[in-house]
Amino acid sequence: MAGVYLTGWSVHLPGECAEAVPADRAMELLGRRGLLYKEPATRLALCAVHRALGLPAKVRPEGAVRPDTAVVACGNLGNVETVAQAARAVAAGQAREVSPLAAPNASSNVVASTVARWFRFGGPNLMVCSGATAGLDGFALGGLLLRSGRARRVVLVGAEPADEVATRLYRCGAPATPLRAGAACVVLALAPGRPAIRVREAPGYPKWPDQPDRPALVFGGADGPPPWGDCYGAQGVVGLATAARWLAEGGAGPVGVVCGDPADGWRAVTVAGSGDG
Amino acid sequence: MARRPPRWFGGGGVAVVLAASQVRTCFGDGDQTFAALCRGDSGVAPLRHPDPAGINVRYGYHGDGGGPFLASRWLVDCVRRAVAEADLRPGRQRVVALVGTGLRELAAVEEWAVAGREVPRHRLHFRDALAEAVPGLADIITIANACSAGGHALALAQDLVEMGEADAVVAAAADGMTSSMLAMIGRVADVPTERVRPFDAARQGVLLGEGAAAAVVVSETTARSGLARLLATGLSCDAYHETAPDVAGICRAMRDALSRGDRSAADVDLVVAHGTGTALNDPTECAALRQVLRDGGGDPLITAIKGAVGHTSGSAGLVSLDVAVRCLASGVVPPVVGLRTVLPEGDGLRFALQPVRVSPRLVQVDAFGFGGVNAVTLLEPLPGGARWPAST
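Protein sequences appear in the order of chains A and B.
Just so we're aligned, residue 1 is where the first sequence starts under this note's numbering, counting upward by one.
Just so we're aligned, residue 1 is where the second sequence starts under this note's numbering, counting upward by one.
Some hints could be false.
Stated by the list, open to error - Label-pair restraints from in silico Cβ distances:
#	chain 1	residue 1	chain 2	residue 2	range
1	A	G3	B	P46	52 to 58 Å
2	A	A191	B	T222	30 to 36 Å
3	B	S330	A	L55	50 to 56 Å
4	A	A191	B	A248	25 to 31 Å
5	A	G149	B	Q32	36 to 42 Å
6	A	R33	B	A35	49 to 55 Å
7	A	G275	B	G384	55 to 61 Å
8	A	P100	B	G40	30 to 36 Å
Hints are computed from structural coordinates only; laboratory data are not their basis.
Heads up, the beta-carbon is just placed ideally off N, CA and C, and yes, glycines get one too.
Turn these sequences into a full structure, and let the hints guide you.
Laid out in structure tokens, this is it:
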């Protein structure tokens, strides 16, 4: 398989840099309009896409919907707090307290559809909720949308919150690596951008491919989480965006990116710059 | 009868076949569901679970049982039967499963929030359940695409087979009910809906139904059997409104399906519509059918199933697909259960008000979801009959 190119990227891990604003300060990047009742994962996803597209602060795309651009969003825990709160309200006989403005959040695809509406992307819209491998599952499906001619450009975004409900669910039955709230975005295309960053699947993981794709550096995997921690369903996208940034800044490649866990299994890709092999 | 050579389609180059289709609804399996539809039965019943007290939703379309992880159990049942029907050999063939869902296993998260029963995080999606039930699957990916999730799984399944990236794909879907979604539905209803009445002037709104489905997609060259030729699924996102549907977005999905399937609007002679019985969906869907199919020279018969089985969320598109396949096989189109007086916006469209004996040549299946995610599927009979090659 020829591989897919990354033509834009952003890593949006609050606290990592000044631009990576936390969810409650998303209006500093996105503007105030439209953020009411948006959950933290949705806000973080919007921030990551905004930055990957290189938009100025508080500027929002207007105009016609773009059917050539697909959205693939990845994450598992974005709406669990809303769902848990609503269920508790129903159990307490206070269903009337549930705001209808929160209704879209009861549907698990709210991150993907909100990104499409916010940035006017009218192509196929997918929400991948497949656990710890979601980020690279989403990458695989994004590549498929390109190869099958359903989109010319795929905005792949991963986002997870770290609210109390999300954190408790994340910990249940799994190692005690803390859940890291964050998001990332990469823009996928079949033609290279500048610099040319190419991604190929590494289906044999934990065995890596031979040269030229053998990674010089690996983010994540069975040996432990990468330096930034674990963003669960967003982890694969955070890894892709971090690898792209590393290579674009002159770091040595290729970079292996792995996401998964013992229950969900593992998924891996290699990310190479034009100087790698 | 000799097989026609494979046709060449847009993205791929391989004609694909629907090799198996299995469903579960409030009526039971696909045979039982289709028979109930043809009788005009509705499976509506007082809401059994979650507890309806205080949520302004009194009715639903339940199957047998209930209990924790209903969606996973029904999904496993449908996928097992579909894999057997298509005679798949996961492990020896590269077989991928794509599972569409609206509500995942969020009912288990609610149980945990209310009653403290812990849920392992990997049980929120369906890999674990399917991997255990059907060993050898090469990949299992859960796509949470609201009420058109099954249609989206079907689109990607066809892409994988056409691109030669899988030998066979099980496009599956499953959904139970969650009290959070019911609370939201109740919150926006003036009076509790008593039954789903698609395209009726006096429709009150939507009710949920439990449902699951599994369809097997293979290339025509490797198919051991087949139910229908899968032409294409068109996809679009309205990028318009959080919950309200948009005519332009739905029209794009319909036109995408016709373009990818290399068919003309005038050729569509049956539509299994999305038809949710809500104030907004039904007029919007009528407008899109008029713009794309009627204005394109078509005059299809229209049926819809949610008056009988409720809105089965992520499964809805694949349950409708199963009904479409049975229309092809039986030459009978069931009526729109619950439809008495066609809504004004449906004027001039042909709705099935009783069982209609007809042999469709090109069927369109609509599935639209929260957030404006649309999937429109086209299928046609296989040469030599609806069961192929058995009937040749």
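Inset, instruction - State, for the Cβ atoms of A/P100 and B/G40, whether the hinted interval 30 to 36 Å holds or is violated. - result: holds (34 Å)
Inset, instruction - For B/S330 and A/L55, compare the CB-CB distance with the range 50 to 56 Å and indicate the outcome. - result: At roughly 54 Å between Cβ atoms, A/L55 and B/S330 fall inside 50 to 56 Å, so the hint holds.
Inset, instruction - May I ask you to test the hint 52 to 58 Å on the CB atoms belonging to A/G3 and B/P46? - result: holds (55 Å)
Inset, instruction - Take a look at whether the Cβ-Cβ distance between A/R33 and B/A35 falls inside 49 to 55 Å. - result: holds (52 Å)
Inset, instruction - Check the following: the C-beta atoms of A/A191 and B/A248 are separated by a distance inside 25 to 31 Å. - result: holds (29 Å)
Inset, instruction - Given the hint of 30 to 36 Å, check if A/A191 and B/T222 actually sit that far apart at their C-beta atoms. - result: holds (32 Å)
Legend entry - A/G275 paired with B/G384, Cβ distance criterion 55 to 61 Å: holds (57 Å)
Legend entry - Status of the given 36 to 42 Å range, CB of B/Q32 versus CB of A/G149: holds (39 Å)
Hint violations for this structure: none, all hints satisfied.
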